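Residue numbers (full-length UniProt numbering): 1 to 622.
Keep in mind the hints are simulated off the structure, nothing from the lab.
Treat the hints with care, as some may be off.
Distance windows between CB atoms, simulated [said to hold, decoys possible]:
id : residue 1 : residue 2 : range
1  : Ala374    : Ile234    : 21 to 31 Å
2  : Ala323    : Ala106    : 21 to 31 Å
3  : Pro576    : Ala449    : 27 to 37 Å
4  : Leu199    : Pro319    : 37 to 47 Å
5  : Asp482    : Leu199    : 12 to 22 Å
6  : Val191    : Ser583    : 45 to 55 Å
7  : Arg571    : Glu463    : 41 to 51 Å
8  : Leu181    : Ala215    : 20 to 30 Å
9  : Arg571    : Pro441    : 23 to 33 Å
10 : Leu199    : Glu439    : 48 to 58 Å
11 : Ala215    : Pro319    : 41 to 51 Å
12 : Ala106    : Leu315    : 37 to 47 Å
Cut-off 16 Å, straight-line C-alpha distance, at most; resulting in silico cross-link-like pairs (EDC-like, lysine to aspartate or glutamate) [unchecked claim]:
id : residue 1 : residue 2
13 : Lys590    : Glu278
14 : Lys590    : Asp557
15 : Lys48     : Asp304
16 : Lys585    : Asp557
17 : Lys585    : Glu278
Model, not experiment: these values are computed from the prediction.
A virtual CB, placed ideally from N, CA and C, is assigned to each residue, including glycine.
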Amino acid sequence: MPHHGPALGSLVLVAILAFVVPLLLNRLKRVRIPIAAGEILAGVLVGKSGLGLVQSDDLLSIFNFLGIGALMFLAGMEIDLAALVGGGARPKGRPAWLARLHHPLALGVVLFLLTTYGAWWFAGLLQRRGLVEEPLFLTLIIATCGLSIIMPVLKDRQMLTDPFGQVLFSTAVIADFLPMLGLSVLAAVKVNGSALEALWILALIAAGAAVYLAARWLSRFNLLEGLTGGTAQIGVRAAWALMLVFLALAQTVGVEAILGSFLAGLLLSMLAGSHREEITHKLDALGFGFLIPIFFVMVGVEFDLRALLGDPAALALVPLLLAGTLVVKAVPGVLLAIWHPPRKTLAGMVLLTTQMSVTIAASAVAYTVGAYGASTHAAVVLVAITTAILGPVLFNRILGEPADAPVRRAVVLAGMNRLSLHLGRRLVAQGVPVRAVDEHPERAAEFTAAGIQAVVADPASAEGLRQAGAEDARALVALTSDERSNLAAARLGRGEFGIPRAILFATSPDGLAEARQEGLEAVNPDLAPVLLVESLLSSPAATELFTGGDQDVQIQDFLLAGGPLAGTALRDAPLPAGVLVVSVKRGAEKIVPHGHTVLQRGDLLTVVGPPEAWEEMRRLTG
1 MPHHGPALGS LVLVAILAFV VPLLLNRLKR VRIPIAAGEI LAGVLVGKSG LGLVQSDDLL
61 SIFNFLGIGA LMFLAGMEID LAALVGGGAR PKGRPAWLAR LHHPLALGVV LFLLTTYGAW
121 WFAGLLQRRG LVEEPLFLTL IIATCGLSII MPVLKDRQML TDPFGQVLFS TAVIADFLPM
181 LGLSVLAAVK VNGSALEALW ILALIAAGAA VYLAARWLSR FNLLEGLTGG TAQIGVRAAW
241 ALMLVFLALA QTVGVEAILG SFLAGLLLSM LAGSHREEIT HKLDALGFGF LIPIFFVMVG
301 VEFDLRALLG DPAALALVPL LLAGTLVVKA VPGVLLAIWH PPRKTLAGMV LLTTQMSVTI
361 AASAVAYTVG AYGASTHAAV VLVAITTAIL GPVLFNRILG EPADAPVRRA VVLAGMNRLS
421 LHLGRRLVAQ GVPVRAVDEH PERAAEFTAA GIQAVVADPA SAEGLRQAGA EDARALVALT
481 SDERSNLAAA RLGRGEFGIP RAILFATSPD GLAEARQEGL EAVNPDLAPV LLVESLLSSP
541 AATELFTGGD QDVQIQDFLL AGGPLAGTAL RDAPLPAGVL VVSVKRGAEK IVPHGHTVLQ
601 RGDLLTVVGP PEAWEEMRRL TG
C-alpha cells in the first residue's frame, strides 16, 4: 500500500504518554509529582536513554517547537501587569514605611537581583573549577523560577491574593521574564558575534507595542461581535495567530523564537482585560492538553543520560548544581522574615527554589547555540526536575494542610444614597450581610434602621474600606456620584483586599473603558433603565425572573461554601421542592448541569424556584 503521509508512530506514542502520565501520577497520594516532571521521566523511558521507542523526526520537531512556543505564550499570559504594578494587599501590624516596602513588584525585583548576584558568583566558581565555560548563560538559567509550578501551588492553597502569596508570585513572574530577555540577548551575541544584533529585540518589543495600540483602536468598532462562541471562537483563533506571528517575527529578526511567543502572551494578557481568565481557560485546553505535553515528553526523549554518565565533569556538576541552586535561590528569601513568621518564611524560601518550564526552555536555548554540551544540558534538566518535585512537596509539608479559606459573604456598598439604600434593603432581605461606607454621616441612621451596617469613612480609601470589612467581602459596589471615587474604591477592593467582584457606576466613555480594561465591572446608570425596558419588551418572562417581578418563581445565585450540597451529584442533591439548578459557574468555566454533575465547594449556582425556598438553599450551600 502506498505511503501518503508522514509516519505517525512516534507522535502517537508521545500523545498516549501525555494522556497516561497524569492518570498514573494522580494515583500517587503521598508525593505529588508535577505532571511536567512525570512527562519528562516518561520521555526518558521511551527515548534515547531508555527503550529507544521514540525517534525525533520532522513531524515531532514541528510539534516540539509549537509546544515550547505555546508554553512560553501561556507563561506570558499568566502575567497580569495591572495586578503586578497595583501593589496588592499589604501585611498588617507593621509600620507604614515597612508595609510600603512589601510592594510585591519591588520586593520581587529585590529578591530576583539578589538571586542573580548569587547565581553569577556560583557560576563563576564552577567556571574556575572547569565545570562550565559560559557562566553568564548558567547565571540566568539558575535565576529562573518555575512559575508554571508555583502558581498552581499558591492557587491550591488560596494564597494568590494574600500579601505573602503575592510576593512569591511576583518574584516568580520576574524570574520568568527577565532571564528570558537576558538569555535572548546572550544567544544573539553568541550566534552573531555582535551585540548589535541583540538590538533586534527592541524591534520585536516595538512591534508588540504597535500591535497593542492597533488592537486597542480597533476594539472600539466591535469587529468581533457575534464571533466569540460556537464554531467561530475568534478570540482563540486570534490568540494562536498572534503567537505564530511573533514566533515567525522573532525568527526573522534573529531573536530567540520563544521570546517572541512570551511577548505575544504578555501582549494578549494586556489586551484581554476582563476576558483574560476566560481566554486563558480556552487556550490552556490546546496548550496543556496537547502541544505542551509533547514538548516535555520530547525533553525526556532527547535527554542524554549516557552522555551525562560518560562525562565525569558533568556528573560531578549535578550535585553541585543542585546544592548551589537551592542555596542561591533560597537565601534571599530570608528577607521575607521582616514581614512574615518563621514558618512562612522558610516555606517561601523553599518554594522559590522551584524550577521547571522556563528553566528547561532556557537550557534548550543555551544548548542549541553551543553555550554548553549535551551532558551539561542533561544536568540542568535533571536539577530542574528535582527542584520541581522538592519545592512544592516541602512547601506544603512546612505549612501543613491548608485551612479552609473564610467564606466571603458580605457586600460592601461604597456610598450612602437612595440607590445604595434600596440595593442594601433587597440584599438584606435575601440574608446577605451588607455594609455601607460614606464620609458623610447624614444617612447613616437610615441605613442602620434598614439592617445595614453603616460606617462613616472615606469609601475611596483603604482605611475606609477596611473599617467596612472589605477583607471578607464577596463583592464591592461603588455607586457614589463621583466617578473617580468609584474607580478608586473598586481598584482598592480588587487590589488591596482581593474582593472577587468590584462593580462601579461610571457615566463617561473614558471611565467605562478604563474600568473594563482593568477587569472591573462597570454599569452606566443613565443607560441601565433603557436596557431594562428593552429586556421587558424582548423577553418579559425572563426579565420578571431576574427582577423579582414574578412573586411565585424567581432566579437567584448561591455560592456553594459547604453544607450538604458540596460533593454531591445533582441527581442526589436534597434540593427544596420546586428548585431547579440551571447553571453552575466553576472558576472561568460555565457548566450546563446534568444529573451526574458533581457540585463542588466554590461553585456559583444559579437556581430557579419559589422565593420561600431561598432560606433552605442558604442552609444547603453552607
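- prompt: CB of arginine 571 to CB of proline 441, is that within 23 to 33 Å?
  reply: Violated - the Cβ-Cβ distance for arginine 571 and proline 441, about 53 Å, lies outside 23 to 33 Å.
message: Against the 16 Å threshold, does the CA-CA distance of lysine 48 and aspartate 304 hold or violate the hint?
response: Holds, because 7 Å separates the two Cα atoms, which is no more than 16 Å.
query: Is it true that proline 576 and alanine 449 lie within 27 to 37 Å of each other by Cβ?
result: holds (31 Å)
- prompt: Falls inside 41 to 51 Å, the C-beta gap from arginine 571 to glutamate 463?
  reply: This hint holds: roughly 49 Å between Cβ atoms.
- prompt: Regarding aspartate 482 and leucine 199, is the given constraint of 12 to 22 Å on their beta-carbon distance met?
  reply: Roughly 47 Å apart at Cβ, these two residues miss the hinted range, so it is violated.
- request: Look at the Cβ atoms of alanine 323 and alanine 106 and judge whether their distance stays inside 21 to 31 Å.
  value: holds (30 Å)
Valine 191 versus serine 583 beta-carbon gap, inside 45 to 55 Å or not: holds (53 Å)
query: Range hint 37 to 47 Å: satisfied by the CB atoms of alanine 106 and leucine 315?
result: holds (41 Å)
Beta-carbon spacing of alanine 215 to proline 319 - inside the hinted bounds 41 to 51 Å or not: holds (49 Å)
- prompt: Quick one: are leucine 199 and glutamate 439 within 48 to 58 Å, going by C-beta?
  reply: Holds, at about 53 Å.
query: For the pair leucine 199 and proline 319, does the Cβ-Cβ distance stay inside 37 to 47 Å?
result: Holds, at about 40 Å.
query: Do the alpha carbons of lysine 585 and glutamate 278 lie within 16 Å of each other, as the hint requires?
result: holds (12 Å)
Figure legend: structure checked against the earlier numbered hints; hints not met, in rising order: 1, 5, 9.
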